[in-house]
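Protein chains in written order, with this note's numbering: chain A, 1 to 373; chain B, 374 to 820.
Calculated directly from the structure, the hints in this document are not laboratory data. These figures come from a predicted structure and were not determined experimentally. Since no wrong hints were added, every one of them can be taken at face value.
Per the computed footprint, the stretches of chain A lying under chain B, defined by three or more beta-carbons under 8 Å from a beta-carbon of chain B, are:
1. 177 to 188
2. 359 to 371
A short, non-exhaustive set of chain A residues, derived as facing chain B with CB atoms under 8 Å:
3. Thr152
4. Pro249
5. Val254
6. Asn327
7. Pro353
Note that CB positions come from ideal geometry on N, CA and C, so glycine has one too.
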Amino acid sequence: MKISIERGTLLKAVAQAQSVVERRNTIPILANVLIEAEGDTAQFRATDLDIEVVDKAPAQVERAGATTVAATTLHEIVRKLPDGALVTLTADAASGRLTVEAGRSNFSLATLPREDFPVMASSEYHSNFTANAAILRRLFDKSKFAISTEETRYYLNGVYMHVADAVEGGKALRCVATDGHRLARIDANLPMGAEDMPGVIVPRKTVGELRKLLDDDEMDIAVSVSETKVRFATPNITLTSKVIDGTFPDYTRVIPAGNTRRLEVDAAEFARAVDRVATVSSERSRAVKLQLDDDRLILSVNAPDSGAAEEELAVAYSDERLEIGFNAKYLLEIANQVDRENAVFLFNSSGDPTLMREGNDESAVYVVMPMRV
Amino acid sequence: MTDPETTHPHIDPSEEQPPVPLQVLCRECLSYGVMKPKGGKAPVARRCPKCQSPRIKAHSELFSLSIAHMDCDAFYASVEKRDNPELADKPVIIGGGRRGVVSTACYVARIRGVRSAMPMFQALKLCPDAVVIKPRMDVYVDVSHKIRAMMDELTPDVEPLSLDEAFMDLSGTQRLHGAPPAVMLTRLVKRMKDELGVTGSIGLSHNKFLAKVASDLDKPRGFSVIGAAETADFLHDKPVRMIWGIGPAAQASLEKAGIRHFSDLLRWELIDLTARFGSMGERLYHLARGQDRRRVSANAPVKSISKETTFNEDTANMEVLDGHLWRLAEKVSDRAKAKQLAGRVVTLKLKRANHSSLTRRQSLRDATQIADTIYRTARSLLDQVGDEGPYRLLGCGISELVPETQADITGDLLDPQAVQRAKAERATDAIRQKFGDAAIQKGRALR
Numbered sequence: 001m002k003i004s005i006e007r008g009t010l011l012k013a014v015a016q017a018q019s020v021v022e023r024r025n026t027i028p029i030l031a032n033v034l035i036e037a038e039g040d041t042a043q044f045r046a047t048d049l050d051i052e053v054v055d056k057a058p059a060q061v062e063r064a065g066a067t068t069v070a071a072t073t074l075h076e077i078v079r080k081l082p083d084g085a086l087v088t089l090t091a092d093a094a095s096g097r098l099t100v101e102a103g104r105s106n107f108s109l110a111t112l113p114r115e116d117f118p119v120m121a122s123s124e125y126h127s128n129f130t131a132n133a134a135i136l137r138r139l140f141d142k143s144k145f146a147i148s149t150e151e152t153r154y155y156l157n158g159v160y161m162h163v164a165d166a167v168e169g170g171k172a173l174r175c176v177a178t179d180g181h182r183l184a185r186i187d188a189n190l191p192m193g194a195e196d197m198p199g200v201i202v203p204r205k206t207v208g209e210l211r212k213l214l215d216d217d218e219m220d221i222a223v224s225v226s227e228t229k230v231r232f233a234t235p236n237i238t239l240t241s242k243v244i245d246g247t248f249p250d251y252t253r254v255i256p257a258g259n260t261r262r263l264e265v266d267a268a269e270f271a272r273a274v275d276r277v278a279t280v281s282s283e284r285s286r287a288v289k290l291q292l293d294d295d296r297l298i299l300s301v302n303a304p305d306s307g308a309a310e311e312e313l314a315v316a317y318s319d320e321r322l323e324i325g326f327n328a329k330y331l332l333e334i335a336n337q338v339d340r341e342n343a344v345f346l347f348n349s350s351g352d353p354t355l356m357r358e359g360n361d362e363s364a365v366y367v368v369m370p371m372r373v
Numbered sequence: 374m375t376d377p378e379t380t381h382p383h384i385d386p387s388e389e390q391p392p393v394p395l396q397v398l399c400r401e402c403l404s405y406g407v408m409k410p411k412g413g414k415a416p417v418a419r420r421c422p423k424c425q426s427p428r429i430k431a432h433s434e435l436f437s438l439s440i441a442h443m444d445c446d447a448f449y450a451s452v453e454k455r456d457n458p459e460l461a462d463k464p465v466i467i468g469g470g471r472r473g474v475v476s477t478a479c480y481v482a483r484i485r486g487v488r489s490a491m492p493m494f495q496a497l498k499l500c501p502d503a504v505v506i507k508p509r510m511d512v513y514v515d516v517s518h519k520i521r522a523m524m525d526e527l528t529p530d531v532e533p534l535s536l537d538e539a540f541m542d543l544s545g546t547q548r549l550h551g552a553p554p555a556v557m558l559t560r561l562v563k564r565m566k567d568e569l570g571v572t573g574s575i576g577l578s579h580n581k582f583l584a585k586v587a588s589d590l591d592k593p594r595g596f597s598v599i600g601a602a603e604t605a606d607f608l609h610d611k612p613v614r615m616i617w618g619i620g621p622a623a624q625a626s627l628e629k630a631g632i633r634h635f636s637d638l639l640r641w642e643l644i645d646l647t648a649r650f651g652s653m654g655e656r657l658y659h660l661a662r663g664q665d666r667r668r669v670s671a672n673a674p675v676k677s678i679s680k681e682t683t684f685n686e687d688t689a690n691m692e693v694l695d696g697h698l699w700r701l702a703e704k705v706s707d708r709a710k711a712k713q714l715a716g717r718v719v720t721l722k723l724k725r726a727n728h729s730s731l732t733r734r735q736s737l738r739d740a741t742q743i744a745d746t747i748y749r750t751a752r753s754l755l756d757q758v759g760d761e762g763p764y765r766l767l768g769c770g771i772s773e774l775v776p777e778t779q780a781d782i783t784g785d786l787l788d789p790q791a792v793q794r795a796k797a798e799r800a801t802d803a804i805r806q807k808f809g810d811a812a813i814q815k816g817r818a819l820r
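Pulled out of the complex, with its shape left as it was, chain B reads as follows:
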């Protein structure tokens, strides 16, 4: 990392920078090379000398940067369009039901102003001819696994953030692959398009923060680079809300301190920022200088597992809530079992019709991954909440996760049946694994 004091620019435009060699990569035919300055003038790359494609990337640090962020373009929508070519030029929105929110909008729909997390009715107002598709998570998960496998071929350091985005650290892989990271990443997105039919954007930089910022600069099918030399310049006028994790609340408290842009942060001493904003202050101090020492780690620990559902119509009907609660508990349990984790705390979340929300949590004596235990605990929390409905959303989850070997290790004297129910659940899981999810279900899941 360069010292920010020396890289922070007070660039005098009159002062001519000596031209530097340009590293160039063709994103179409994957040929690459270096253009040297000619006659004291900086080289300019317009088209690939081999295939004449204009899709070339030129940057002075292109082949030395190795931290990347890959973000699929409108992932769910791309998968749907791939599977149904008729949708190709139609606006497509992925989301659940009338009351749900947009989870993904394709780029055609985005032109009309549809955004992720927008309520569905609003999206349909903006774009009445949109094709609304219920998410087919199993398909997306499958595609995601295939992308993951491709990324794993590039480096062992892949840190997935969700189904459709991941960090990769390709440091030290150049000799293995016989090509610099930038080339391998270009090859990755090309393979994703050719073999899986989905497109992605790459951000390449010298740390995670900047890589993530970069991948968003040139969507879709983008390839953006933020080099070490230009970092300070790049950040200078950017708003701090660009930082992942700075939401409206954090933004407001920063604004009170007169911090809106990264340049505002440069005026603060580390000690003052830390005193005012705690650990976030320290992070801000370094990010403002383009410094981010977090590693790309393949096994970023999961902190909680939760599921929630928004109802078609607000409900206070216990029967209905109970049915949903069981299905949610089952999903949470499935995730936990898949990840070989168990939780010590069960959380219940409710949102009332006026969007005010309620959460209740209960610590368990023994961590659990059993749907039956999660459901029973959440159900008793729901009973304690009492009659606060009607609700528009119900959620349930587990947190304080531990490895599954530490789960459900002590039985309950007063509930000797619990052991039997847990055994029945394991048997049910085995049946489902063999014959599919619908092969066996609890009666209460049908409500």
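Isolated chain A, as found in the complex:
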């Protein structure tokens, strides 16, 4: 194999590959990226056995062929090469080395045979549809903060993507994530062809990899879903992932419907105030107390060991007096999801889950558990 490829194009492909590769590997071949050259494209493939990413890049192929080489090393080399350089990759079957040349730089890397590289079994996809990148970006960006890291409830270690009844009627493409302390439920219009998509739990790592495909607003993403796998594809990049084999809990009963005490507040101002008062707390779970009374919100933190803080905000609140505590981090995270209108909080009592949404927009709803303060 011998190919020449522009440094920027190569960097993008190799970067995607090396982020899929696990840092600590017991199987050597899994640390490698498989490079296959044919026609006028080079294809870069990496896998951790759960996720596979394939990136096609235009290249001048002098000699077709394939080899595998350590993904992180190749990435580091390409990253350090000067912008605009033309990189030549030459695999020498006899020595088992891959030569990387650019300008006066010359590297020789160990390879492993391509036959050893595990290729993810292809499978039948139950449902295929196309979704705009901006829509997918919103669905996952707004829900991923709530993904759990708790291994015992592994079925929460991802975003539950499924078809649900939209609040305004009809069907929606919905993403839900929760760790038991907070929950995010994000809806988007159901794309054509997604109606009978099975619900799948997309693992945290896949969500992170997917994000790299979604930067271009105009891009359409081809989505394929089966009971066990999900695939996202742009014309150049294909990301295939196993889904979490488990049942996502029935989240609908968790979302409070009868919360009546309504607080409306400027989300950015609220977030900054929460951040400020939480500074004095040294505990791991920084508890912030919200005291609500007649268009007035007092945020306070009282940490006996380190100090106390208080800040008052002008808000819209006309219900009964209420005192309720929250983990500052959780409040910040949900407040940061609000980008256009005011944040609307709906409370019940100081022991019940609180609901937050943006204005009256029901397509993005957050639930957060209060804390005893």
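Please arrange chain B on chain A, whose structure you already have, making use of the hints.
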């Protein structure tokens, strides 16, 4: 603290030390006084001049030392013998079941070679006529509390290490009690014997390390003193394994460095010891010179709370394991509630038939002291271990402890019943407090 360079002895036996006055205390009638050297000769104390008892303690620093370690003699066995005088001259072993280990052996059994932590079958081989008694922890705890109350009368600085031993710092109490610490300590063990029927040994020195070493020198019913002047001499040929916390592993690594005795440590510079052994090196450097600056602190922080059980027969039966796990979780929770603590981490411990052990831990988002949460977390860890059994031991515990005010402060959205279960548990606790532990139990505790 004296400078080790000057106290470290290269004693020339030919050189006569000038005789020093001897401070003497009778351990029977508690009379005490000072014997001055007569005619250039060191005084010798053989019997108490008042009551003629030979149980006297004489030492040149006896009345100035104030850090003490009290260690009960075969505590559990003593309590059992007290409550059942028929056992008085029989070998008594306290321990659980056929598969358990010896937790305490009385001195009669010790003569036959029975030791603490020895497997029960081995102990019974050495001493087939031993009376094996299951521990009655509630009784021991009760006696321990009474001893603690007596110690509290001597000083506020009491640091219990377990039910049957504690450090005490009696510095500055002489004027309060009208007697030096040594006298008060002698009175303490006498009261323990007269009022509670248990005996104890006292170690008296100028720091915790030496006090603990001393209490072990003359068991049972001992009273040992290590003075500042004799410290270096005393330690010189003693093995380093005498240090509490130096187990077989640490011992092996010290031995590699040629360190076996305290005298070996004196050859090392502080910087070299620290470089080789880390913080342990620094401790060793000072201990070798008889220096230990740790304070006797009444509230030594508890780091973890755990309970474990060894089965009568190895088992892989999930039903059985589950029943044990619940009972262990309940015990851990009881301890945590009593100490007003909660843990952020739940640990599960398993020992296989071949004694290899497995531990699994799970961090919680919210610290807990609720048995239900501890049990559920440990149970999910047990499920994850999978089929590795049969097991001979199961344990469970909590660590990364925080005050209970920081515990269970956030509910779980996905488990709204958890709040109800926690409330039920608190109600159960209240019922037990009133009517005893057996008043109400979970069905799963009966398996």
